[in-house]
Amino acid sequence: MTTGRPYRSAYGPVRRKEDARFVRGRGTFVDDVRLPGMLYGAILRSPLAHARIVSVDTAAAEAHPKVKAVITGETLAARNLAWMPTLSRDVQAVLATDKVRFQGQEVAFVVAEDRYSVRDALELINVEYEPLPPVIDAERALDPGAPVIRDDVAGKADNHIFDWSAGDQAATDAAFAAADVVVTQDMLYPRVHPAPLETCGAVADMDEVTGKLTLWCTSQAPHAHRTLYSLFLGLPEHKIRVISPDIGGGFGNKVPVYPGYVCAIAGSMVTGRPVKWMEDRSENLMSTAFARDYHMHGEIAATRDGAILALRASVLADHGAFNGAAQPTKFPAGFFSVFSGSYDLKAAHCQVTGVYTNKAPGGVAYACSFRITEAVYLVERMVDLLARELHIDPAELRMKNLLRPGQFPHTTPTGWEYDSGDYGKTLRVALQAAGYEELRREQAGRRERGELMGIGISFFTEAVGAGPRKLMDILGLGMADGADLRVHPTGKAVLAISCQTQGQGHETTFAQIVAEELGLSVDDVEVVHGDTDRTPFGLGTYGSRSTPVSGAAAVVAARKVRDRARIVAAAMLEASAADLEWADGRWQVRGDPTQGKTLAEIAMAAHSSLDLPDGVLGHLDAGAVYNPPNLTFPYGAYICVVDVDPGTGAVKVRRFVAVDDCGVRINPMIVEGQIHGGLADGLGMALMQAITFDADGNCLGGSFMDYLLPTSVECPSWELSETVTPCPHHPIGAKGVGESATVGSPAAVVNAVMDALKPYGVRHADMPLTPANVWSAIQGTPLRTGLALN
Amino acid sequence: MQVPAQVEYEKAASVEHALALLARYGPEARVLAGGHSLIPMMKLRLAQPETLVDINGLSELSYLLLRNGELRIGALTRHAQLLGSAPAGEHFEILHDAERVIADPVVRNWGTIGGSLCQADPSEDLSAAFAALKATMVIRGPGGSRTVPAREFHTAPYETVVAPGELLTEIRIPIHPGGGSAYEKVGRRVGDWPVGAAGAALWLTGGTVTDAGIGLAAVGARNFAAAEAEDFLRGADATEENFARAGQIAAEHCRPVSDQRGPAAYKKHLAAELTVRALRRAAGRAWREGT
Amino acid sequence: MQITVTVNDDSFTREIEPRLLLIHFLRDDLGLTGSHWGCDTSNCGACVVWLDETPVKSCTVLAAMADGHRVRTVEGLAARGRLDPVQEGFARCHGLQCGFCTPGMMLTARWLLDHNRDPTDEQIREALSGQICRCTGYENIVRAVRWAARHEGTGGGAGPGPGGSGGTGPGATGPGPTANEVTW
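Residue numbers (this note's numbering), protein chains in the order written: chain Z, 1 to 790; chain E, 1001 to 1291; chain W, 2001 to 2184.
Looking at chain Z on its own, in the form it has when it is part of the complex (with noise of 0.2 Å):
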C-alpha cells in the first residue's frame, strides 16, 4: 500500500508561484515601499561630459521650505565618503568633487518632503562649471595630448586603464601564417543599455535608535551590496539589512552599488527619517551600468576547403569615465577569451585594452555572461564572413567545423574546459526546425526578382555559473552561493537562497527543485529570498548563475536532508539505513514497498519523542555553500530569416528559429520564457538599440524616445526547440539559460541582414542596422554608430 497518491516529478511545466501578486497588481517593488516619515531624494546631475566644478550654491536650495537636506560632494569628502569603490577595484565619484567627468554625473543630493517638491528644488542649486574638452571617441582616447580623465588618480597621465591578453600567441601567429586564407573585419557592438522596465532605486531606513540600517535596494547582489556597505560606509555588517524585494528586470544593470543609493543611506543619516531614492529613466540611460562599446578588429584564418585554423582578436574596450565593470576580479575583459568560439580551433589569441572615456561607467551588463555577448558575436560574424570567402554555405563551414561529441571535456585554445556537448546534433535540429534547404530556394528564386531576403545563423556556447571560487570572486568575494533547508514538523520545507529573481521565476524553480529531491509537493515548498537577514550569504543573480550554483546549493541542502530522513526512517520503520531505497518519494525498505515514510512522516518522526539514532538532532533541517568545480557551458543553434526593403533599408524579421540545450530543464515553461525575453533583445540590439553621443559628449540615447526597444510588432513568433546534454558535474545536470538567447541572436540577426545584402556586395555593417544604416550600406557607405549617425 503506497500512501494513494501517485508519484510524479515536480519537474515540468508548474505554475508560477509568483504569479499570485503579480497578475494582481500585488507585487511591491521599491517605488512600493512607503516607511511613515519617508522623505524623497533626487540628485542632481552635470549637464556636460568634462568640466571642471568651480562652485556649487545650495543656499536657495536649502532655503525651500520642503527641503529637509542638501548634500554635496564636500559634504561626503568631510565623512571620506564622496569616493567609493567601484566593481572593478577602480573608484568612482558619490557625488562630484574636482570635476565632472560625463554628462550625467551625480552632483548634488537633495532630500525633501515629496517627489515633486525635491524636483523642484533641483532647480534651485546652482553649479558654477569650467567645460573641458571631452574624450569621446574611445579610439581617440590614448592620442598623445589627449586630455587625461583621471587625474584623480594620482600620477595618472592617460586614459589607459588595463591591458589583458589570452591565448598562444606564437601558435596563433604560426597557424595565420600556415593558412590559405585569412579574412579580417573591423565591427563595433555598440554601447546599449539593458534598461529594465523599473529603473534603479534605494529606500534607505537609518534607524538611530538601533543603529540599524534597512535599505529596500533594486539589487540582483544583496548580500555582496551588505558587505561593500559596511567596508565602505564603516557600518558594522550585522547591523545592515538589504532587502531586494520584488525587482521589476535586472539584466545587469542592477549590479553595482549605485552613488544614488549611497546618497539615500547619507541622507537617511542626516535626516534621521527613511529617503527613498528612485531615478527616472533618463538617469537610468545615462548613468548606470551600459553594456558592450567593444571595438573589436577580428581575423580568422582556415584551410582552403574550409577548416577553421586559428582566431585572433584585438579589442578596444570604452569603459566611460570610471571602471564600474562587473565581472569576476581576475577577468579585467570579463570571459571575452570564450571568442574561440564552438569550434575545433588550433589556437586563439585575443588582446583587449580597457581605456576611460567621458561617459558613464560600466561595461559589463545587459545578459553579457561577462563579455560573451561580445565574444560570440565577433566569432560568428567572422565565421559568416570566412563562408562568404570560401563561397561555402554557413551552415555547412559551421558543421565542418563544429567541435563533435567525442571531443568532449573539450580545453579550448585560450583554456576554457567545455564539459559536455552535442553540437552538431543541435544544429541539425535548427536547420530542420527551420527548412534551411527550403529557405535557401526561396531566396534564390526572390533574388531573381531583385528581393532581399536573408538567412543568418549563429552557434553559440555560453560559459556560465560562476564559478569556482580559487578563480573567481567579486572584490574578493568567492562566488559560492549558499542555500537554507528548513523542514517544518508538519513536513512542509522552507528553502532561503542567495541568489536573486527579477522575474526568473525562482520562487517556483527552486521549490521544485526540493520538492523533486524531498518528494514533495511544489506547493509544499517556500522559497525565501532577497532578505538579507532571512538568507544564506551568496554573490546574487547575474551571468546565468542562478540554477548552476544556487540551484546545485539547493539539491545539496535537500540531500542532505533526504540523508538525515533516512536515518529517521530507519529509526521508525525499525530497519537499517542501508537497508532503505528512496523511491516514488519516499524512504521505503527494500524489497518491500508496504513499508515506508513519506517526508512529512519523518519530520514530525524527528521532531517528536522518538529516540533518534547518533547523526541526527531533533530536526532535518540542512544548509550547503556550493561551491561549482567548473563554469557551465549551455549552448544553441539559432536561424535568422529577415526580408530586406531596398527602397527604405527597413528590415522585417520573418522568422526566428533557436533550439537551445540548457541541460536538465527544471520548468521547460520558464526555460522558454527566458529564451523569448533573450531573442528580443537580440532583435532590438541587431536592428534598433543604442546609446550614441555627440561630440561633446551629449547623450543622444536618454530616453525611450531614442533609444528604442522591440515591441510586439517587431518580434515574430519565436519558434523554439531543444536538445538536453545533461551537465556532468551539476547535481541535477542543469546549465542555466537566462542569457543564452541575449547571447546567441544578435549575431543571427546580423548574419540574416548581411545575407540579404549580398547581392549589394555589403560585408559588414555595425549595429544597430536601422533603416538608414542599412540603406546607406547597400549604397557602399554603412554608418558609424559610436558616434551620432552623421
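It should be emphasised that the hints constitute simulated quantities derived from the structure, not laboratory data.
Careful: at least some of the hints might be erroneous.
As the list claims (entries may be wrong) - Okay, derived cross-link-like pairs now, EDC-like style, lysine to aspartate or glutamate, Cα gap no bigger than 20 Å in a straight line:
#1 K1011(E) x E2017(W)
#2 K1134(E) x D1211(E)
#3 K758(Z) x D473(Z)
#4 K1011(E) x D2067(W)
#5 K425(Z) x D344(Z)
#6 K239(Z) x D207(Z)
#7 K17(Z) x D2121(W)
#8 K66(Z) x E2075(W)
#9 K66(Z) x E113(Z)
#10 K239(Z) x D531(Z)
#11 K425(Z) x E396(Z)
#12 K1268(E) x E130(Z)
#13 K652(Z) x D2121(W)
#14 K652(Z) x D1192(E)
Following the hints, complete the assembly by docking chains E and W onto the known chain Z.
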C-alpha cells in the same frame, strides 16, 4: 519619472469660456487637450506654462461630420476616433494610413488631432496628411472665427498661426469624388516619429492626373508640402515614370537635417521613394474609386 | 484643488496640486501601487490604466483631468475575488516574468477583448505595441491573450472553473484558492 513644475489649472465649460480664460491668463497660459504633446514637455520642463486651460470637457469640439461637401473634424477629436471613423476612412484613406502609424494605440486614445497640429512638430504625420489634402483650419478667437489653409498653418518648427487667446476648433477637408489617397512612412520602429514620410492624394480622369496633393513630414519640406511636384503632376499621365519624376522633384525641394534618425542624404532619398509609393497607392485607389 | 475620482468603483475625494500626474495620484495618494511607471516620455506603457473605459498612459494625464471621471486599475480587474480571464491567461501561459509591465498589458488586453472577441495574433500585437516588456519577448503575452479570448465566460480562476477550463497541466492539487493549471 520626471514631473512638471507648479502650474495653475482651469477647466473650461465651453468654447467661449475657454477663450475667456485664455484672454484672462495671457500668453503664459496653454490649452490642455489630450496633453500627450504638452504634458511630456512639462515633465521635462521644456514647457513651463503658468496656467493650463483644460478643454477636455468641450464635447462640442469632438466630432467628425460630412457637411457642405467637406469632412469636418473637431479639433478635440482623438486620434483613435479618426482612425475608427468609417466615413473619414472612405473618403480619405490617407488619414487612416497615417493614423495607423502615429504613436501607439494607447496614446491615440487620448491625444487629439488639434493637439498634434498645434504642437507643430516638423515630423508630425497629420501635418503632412492635411497638407496633401489641402485642408483648411478653423481658428476661433475673441473676435470670431477665421480660416487658414493647412499649408499656411505652420510658421516654423513648433509654431503655428494660432495666437495666444485663440483656439483651433476645426479642420475641414474638401471632398472631391473619384480621388484616392495614401500615406507611406519609414520609422526606426513602430510608434517612432518618421525618419521620412509622404502622403499623396490623386484625382484621375482616364489615365491623367487632374489634381494632386503631396505632403511630406520630417524631411524639411516647405509647409509640409511638395508644391512643385504637384505642379508637375497636374495634367500629366499617371505613369510610373511621372511618379518617379515627381518624387525626384519633391526631394529636390526638401532640406532634411541629419540626426539620429538618419543622414540628410537618406532622408532626401526617402522623400523621393515614399512620394512614389504614396502616389502609386493613391492612384490604385483612385482607379478603384472611378470604376 | 480638490478632485473626486471613481477608482475601481469607489469614490475618492482628495486635495491635490494641479500638476499631480494621475499615476502618482493612484500610487501615492490612493496607495494603489499595482500600476507602475518606467519612463519619462510616454513610451513604455507600464502606467496604463483605464480612464472612462479607455486605456490611457496615466503618466501623461493629470489627476485633475480625471476629476469627475472613472478610473480602473489592475486592482479592479478581478471581480469579487475571481480573477479575470485575462489575469488567469497570463498566469497559465507564463505571460509575465518580473511582473512590472503586466498590469498595463492586462488592462489593454482586457479592453481589446471587450471590443474584439477573437483577435488575431497580429491584432493582439498591434494593440500592445505601445507597451514595452523586457522579459517575455511578447510570445507568451500573445498566448495569454489568446487563451483569455477562448475562455471568456468560464470565469477565470479562483478555484476550479465551472466545466473545467481546459488546462493541460498537472491539475488542481488540493485545497487553495487558485487553480494550478498551465497551458504550455
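Right, here's what the structure says about each hint:
As the CA atoms of K1011(E) and E2017(W) are separated by approximately 14 Å, the hinted pair is consistent with the 20 Å bound. Between K1134(E) and D1211(E) the alpha-carbon distance is near 11 Å, which keeps this suggested pair within the 20 Å criterion. Restraint check: the Cα-Cα separation between K758(Z) and D473(Z) comes to about 45 Å, which exceeds 20 Å; the hinted pair is violated. For the hint linking K1011(E) to D2067(W), the alpha-carbon distance of about 10 Å falls within 20 Å, and the restraint holds.
Restraint check for K425(Z) and D344(Z): satisfied, since their Cα atoms lie roughly 16 Å apart, inside the 20 Å limit. Distance hint between K239(Z) and D207(Z) is fulfilled; the C-alpha atoms sit about 10 Å from each other, no more than 20 Å. A threshold of 20 Å between alpha carbons decides the hint, and for K17(Z) with D2121(W) the separation of about 27 Å lies outside it, so the pair is violated. With a C-alpha separation of about 32 Å, the suggested pair K66(Z) and E2075(W) falls outside the 20 Å cut-off, and the hint is violated.
Between the alpha carbons of K66(Z) and E113(Z) the distance comes to roughly 6 Å, so the proposed pair stays at or under 20 Å and holds. Simply put, K239(Z) and D531(Z) have alpha-carbon atoms about 13 Å apart, close enough for the 20 Å limit, and the pair holds. Of the supplied pair hints, the one linking K425(Z) and E396(Z) holds, its CA atoms being roughly 13 Å apart against a limit of 20 Å. Between K1268(E) and E130(Z) the CA atoms are separated by roughly 40 Å; this puts the pair beyond 20 Å, and the hint is violated.
Using a Cα cut-off of 20 Å, the hinted pair K652(Z) and D2121(W) holds, with the two alpha carbons roughly 17 Å apart. In summary, the hint linking K652(Z) to D1192(E) is supported, as the alpha carbons are separated by about 16 Å, within the 20 Å threshold.
When the structure is compared with the earlier hints, violations turn up for hints 3, 7, 8, 12 and for no others.
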